[in-house]
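Same order as they appear, the protein sequences are chains A and B.
All the letters of the first sequence, read from the start, carry residue numbers 393 to 497 under the numbering used here.
All the letters of the second sequence, read from the start, carry residue numbers 89 to 205 under the numbering used here.
The set of hints was computed from the structure by calculation and includes no laboratory data.
Bear in mind the structure is a predicted one, so any value in this text is a computation, not a measurement.
Errors might be hidden in some of the hints.
Cβ-to-Cβ under 10 Å is the rule here; a few derived chain A residues that face chain B [stated by the list, open to error]:
#1 P450
#2 S454
#3 G457
#4 Y482
#5 F488
#6 G489
Every residue gets a Cβ at the ideal spot worked out from N, C-alpha and C, and that includes glycine.
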Amino acid sequence: IQLTQSPSLLSASVGDRVTLSCKGSQNINNYLAWYQQKLGEAPKLLIYNTNSLQTGIPSRFSGSGSGTDYTLTISSLQPEDVATYFCYQYNNGWTFGGGTKLELK
Amino acid sequence: QIQLVQSGPELKKPGESVKISCKASGYTFTDYAMHWVKQAPGKGLKWMGWINTYTGKPTYADDFKGRFVFSLEASASTANLQISNLKNEDTATYFCARPNYYVMDAWGQGASVTVSS
Chain A
393 IQLTQSPSLL SASVGDRVTL SCKGSQNINN YLAWYQQKLG EAPKLLIYNT NSLQTGIPSR
453 FSGSGSGTDY TLTISSLQPE DVATYFCYQY NNGWTFGGGT KLELK
Chain B
89 QIQLVQSGPE LKKPGESVKI SCKASGYTFT DYAMHWVKQA PGKGLKWMGW INTYTGKPTY
149 ADDFKGRFVF SLEASASTAN LQISNLKNED TATYFCARPN YYVMDAWGQG ASVTVSS
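Same shape as in the complex, but just chain A:
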């Protein structure tokens, strides 16, 4: 399964509601997770099974979707959210999307 993320680069202001997209080449059956990776660090799990928030992750992060189309939403962007975000499917093998780099405007 191929995963396509859009946009590849997103500029937003503090407090903005931000939406990142991930589209699969086949049905993912909700086996979709989101990772945040800051520069020089390992990825951190944010969301799993489409919409389950990992322990310790702020509630401003949420996930939704079904079938082939999934979304990560940050309800109110904070400066510490600057990072690259990757989606990841584990329905059929394991695949990462190409990433969306989120920067402050």
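Please arrange chain B on chain A, whose structure you already have, making use of the hints.
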């Protein structure tokens, strides 16, 4: 707490081999598989495969069959990645990651490999 600690940076010449280690602590090593993920400089994440830490059986993604070997030192709670006949395109950071119900929820800090003549 769960920790995965990887070995340090490596500088190698083309054609040489490298072995990266990933030492786990804070959980029973053989209760969870171990995955490996490649990240080339400035690029995204690429899943390389995984190893069953109970049986030792490795599974490789198509792009990582041949020169890549996953192994274990189970008595030391350590998973290893060996890459032989290194090429320039192997220059990357390699992460080990522990899956929990197929989702990787704990990651090593990454091990940098630079291949340069």
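A quick look at each hint next to the structure:
no., hint, verdict
1, P450, "violated (17 Å)"
2, S454, "violated (17 Å)"
3, G457, "violated (16 Å)"
4, Y482, "holds (4 Å)"
5, F488, "holds (4 Å)"
6, G489, "holds (7 Å)"
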